[in-house]
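Start from the sequences, fold in the hints, and give me the full structure.
Here the protein sequences come in this chain order: A and B. Heads up, the first sequence is in the working numbering, so the first residue is 13 and it goes up one at a time. Heads up, the second sequence is in the working numbering, so the first residue is -14 and it goes up one at a time.
Derived from the structure by calculation, the hints contain no laboratory data. All values derive from a computational prediction rather than experimental measurement. Possibly wrong hints are sitting among the right ones.
The calculated lysine to any residue pairs, modelled on SDA-like cross-linking and capped at a C-alpha distance of 20 Å, are [said to hold, decoys possible]:
1. A:LYS290 <-> B:GLY51
2. A:LYS290 <-> B:THR212
3. A:LYS290 <-> B:TYR213
4. B:LYS267 <-> A:GLY75
5. B:LYS267 <-> A:PRO94
6. B:LYS48 <-> A:ALA291
7. B:LYS267 <-> A:ASP283
8. A:LYS290 <-> B:GLU326
9. B:LYS48 <-> A:ASP283
10. B:LYS277 <-> B:GLU326
11. B:LYS267 <-> A:HIS319
12. B:LYS239 <-> A:ASP206
13. A:LYS53 <-> A:ASP40
14. A:LYS142 <-> A:PRO94
15. B:LYS267 <-> A:GLU317
16. B:LYS277 <-> B:GLU238
17. B:LYS277 <-> A:GLU317
18. B:LYS267 <-> A:ASP80
19. B:LYS277 <-> A:HIS319
20. B:LYS267 <-> A:TRP346
21. B:LYS277 <-> A:ASN73
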Amino acid sequence: MTLTIEREVAFVDRVSMLQLVDTDIHNDLPSLEELRPFLAKKWHPWLESGGPGSAARYYANMGSGRMDDAVNEDDGLAAGSPDWVIQQLMTKYRIDIGILTGSVIGLSIQHDYRIQAALASAYNDWTLAKWVRPYECFKGSIICPGQDPNTSAREVRRLGQNPGMVQVLMASAARIPYGNNIYWPIYRAAVDHDLPVAIHVGSEGTGIANPPTSVGYPSTYLEFHTDHSQTMMAHCISLISDGVFEEFPTLKFAFIEGGTVWAPYVMGRLDRLYSALKAEVPYLTMRPSEYLLRNCYFSTQPIEEPHNHPHLLQMLRMMHAEKTVVFASDYPHWDFDNPLMAFNFFPADLKRRIFVENAIEMYGARLLESNRRA
Amino acid sequence: MGITIPVPVAEASQGSSTTLQTIDADLHHHIANWQEVAPYAPEGLRQRLARPGGPPLARHGFKMIGPRFGDAPRPSDANGKLGHPAADPAWVKAEYIDKRGVDIAILTGPVLSLGVQPNYDMAATIATAINNWTLATWVRPFSCFKGSILVAHQDPAQAVAEIDRLGDDPGMVQVLMGSASEAPLGRRQFHPIYAACVRHDLPLALHIGGEGAGMSPPATAVGHPTTYFEWYGSLPQVYMAHIMSMVTEGVFEKFPTLKVILYEGGLFWLPHIMWRFDKNWKAQRSETPWVKERPSSYILRHFYHTTYPLEVSHSDELAEILDIVEGQRTLLFSGNYPNWELGDPFEMITGLPAGLRSRVLGENAMALYGERLFGSH
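Given below as structure tokens:
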């Protein structure tokens, strides 16, 4: 009977029943061994060696980096099983749909792109099998080895029709800014399958990525983590100024965990430049701010915390947050934003846009499709 | 262009008791002929400055396309051939300073990439030569020009020696470094430079321009931009990285009187970094116990910003952001003469909220630079 009812309820009504969409949930991979069934035999020797070599960053959180009160004593993980996440996150904070962003985004700045591509595919299949197909509340991300755009594009096409996958996901750490046309095959595949592309912070300065800032390496985790938004700004400016949104007008691009209210800087400075320097970028047909407002989305966590709350609302107004900002919790990481607390001073209509409606616009109807065929 | 903007009565009455001054914190004087600068260099590397076209300098490939200098005035010779608008101090005084009602202009010069040049001694020599030449040909003969002590920070020892050499010269009002850098400026190796600034009571000016050149990392944290448009749009991120570094490394605990001016970076990004930084500090501050106050209070107290180019000139947003980042104290008028490709610097500030105009045009600079701005030299 449930099935029949679902079919009969109109899309708008189903949206109206939603309370919260979380665009950033980091489910754990308890063991590399879980990928074995999804990995071609030729790669199995890598598993026997404990996985490929993996460049790691120096910068380490002063705590465990996770919400210690969410750790499951059975496996020592805070997001090791779907049921645990449903209990600790989805139910507790009244989240209807969660987008899984996993724990291997950084593979796109590891040096051996072949094994990383194989692992990404296996990981994506594992996500579908363990987390998405059995649960209607979770949706997956097609994690891509961004350092190899052609292989990434193939992976997007392989899974692009799957109703369980709602976005393409890469690290914000990169060797080359994401506007560069070496990446365009990924965007073409994403657009063909009506998938947004998201990038996520954390691997800055690691592996083959550039230094975490344009003046080199920070010293501490505090500095490193605060610097993260600069990679996001650089990519955002690159995407706009290299004409990605001109070539792919329907491409939606999401900046996850990189802050929100720097967007007015990007819009203001680029618009100022554009009015004077159009000759260098003749392929742009709109003001830079128009591309940003049409094509870009920004996730909340870690939401900026001014001492004077209305200041945040002022900045959000400047970037039309009612169209451009989506909620993220970053569960189970240390700087999790509690959706029941962090937005209490937001006007109800803005909160509704951020909690539900902008995510629906970004991900499309696929967000509400059943995972049974995933 | 020369638009005259009436000063509102209310604003004039609340101005300071001294005569209203217009201070331009950013005038890029130009070297037309390096052979005129070379004699001011110490012997040894002097002949390398005298090379045709000037000394060897690494540079990036980002170049503005379109008419140069916007509507800045241009000198022309008898045949009508246009010259450089900032090569001759007397001409600049007559055509810009006097015509636009500027009282004092701070010279920021033509070379902003010294700090990422691979040869430390060449870089330090060029800095010394430019400083001597600036004093002799621009500052000493004209009371309207004040100089910046240009230093190449990749070799802090030589930078400190240069600051100590010129730090008490009444013609010099600040220390100037390119913001392009191999390492973030909070790093301990640079602290002697800040000690020297404080010793001579000089603000530290950082200016974009060398990003991506020489020893600089790529101009963004994700690699090399494609165009000048992208490069210039991204440059404020360099300042963000330096701010994070200087605050987390405790520069302002160690040098509580140090003031830093960030040239040509705008300020719409400040709210984001202040609030992200404060939030992270709350949870991670045990890593940097010497950072005693929340980061935003250091940022508001120690950093100054310039008007060229403000992100927007006419909107409520400008007033809102100036209020949030306390721009009424920290925003300085910068003419950026003669690089007016993005517009006329006086037009750029016509949308400043009432009451802020006199502060931005002069009072903030007077409070920052102090008496030195008006001393004879």
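To see whether the hints hold, each was checked on the structure:
Note on LYS290 (chain A) and GLY51 (chain B): the hinted pairing holds, with a Cα-Cα distance of about 9 Å set against a maximum of 20 Å. For the suggested pair LYS290 (chain A) and THR212 (chain B), the alpha carbons sit about 11 Å apart, so the restraint of at most 20 Å is met. Restraint check: the Cα-Cα separation between LYS290 (chain A) and TYR213 (chain B) comes to about 11 Å, which is no more than 20 Å; the hinted pair holds. Taking the CA atoms of LYS267 (chain B) and GLY75 (chain A), the gap is about 12 Å. The hint holds against a cut of 20 Å.
Between LYS267 (chain B) and PRO94 (chain A), the direct Cα distance comes to roughly 31 Å. Violation of the 20 Å bound is thereby established for this hinted pair. Of the supplied pair hints, the one linking LYS48 (chain B) and ALA291 (chain A) holds, its CA atoms being roughly 12 Å apart against a limit of 20 Å. Between LYS267 (chain B) and ASP283 (chain A) the CA atoms are separated by roughly 35 Å; this puts the pair beyond 20 Å, and the hint is violated. A distance of roughly 12 Å separates the Cα atoms of LYS290 (chain A) and GLU326 (chain B); the hinted pair therefore holds under the 20 Å criterion.
In summary, the hint linking LYS48 (chain B) to ASP283 (chain A) is supported, as the alpha carbons are separated by about 18 Å, within the 20 Å threshold. Of the pairs offered as hints, the one joining LYS277 (chain B) and GLU326 (chain B) is violated, with about 42 Å between alpha carbons and a cut-off of 20 Å exceeded. Our distance criterion of 20 Å between C-alpha atoms is met by LYS267 (chain B) and HIS319 (chain A), whose separation comes to about 12 Å. For the hint pairing LYS239 (chain B) with ASP206 (chain A), the CA-to-CA distance comes to about 54 Å; that exceeds 20 Å, so the pair is violated.
Distance check on the hinted pair: LYS53 (chain A) and ASP40 (chain A) sit about 24 Å apart at the alpha-carbon level, beyond 20 Å; violated. A distance of roughly 8 Å separates the Cα atoms of LYS142 (chain A) and PRO94 (chain A); the hinted pair therefore holds under the 20 Å criterion. In summary, the hint linking LYS267 (chain B) to GLU317 (chain A) is supported, as the alpha carbons are separated by about 11 Å, within the 20 Å threshold. A threshold of 20 Å between alpha carbons decides the hint, and for LYS277 (chain B) with GLU238 (chain B) the separation of about 8 Å falls inside it, so the pair holds.
Distance check on the hinted pair: LYS277 (chain B) and GLU317 (chain A) sit about 19 Å apart at the alpha-carbon level, within 20 Å; holds. For a cut-off of 20 Å, the pair hint linking LYS267 (chain B) to ASP80 (chain A) stands: about 17 Å separates their Cα positions. Only pairs whose Cα atoms come within 20 Å are accepted, and LYS277 (chain B) paired with HIS319 (chain A) is accepted, the gap being roughly 17 Å. With a C-alpha separation of about 12 Å, the suggested pairing of LYS267 (chain B) with TRP346 (chain A) holds against the 20 Å cut-off.
Proposed proximity of LYS277 (chain B) and ASN73 (chain A) is supported: the alpha carbons are some 19 Å apart, at most 20 Å.
In summary, the structure is inconsistent with hints 5, 7, 10, 12, 13 from the numbered list given earlier, while agreeing with the others.
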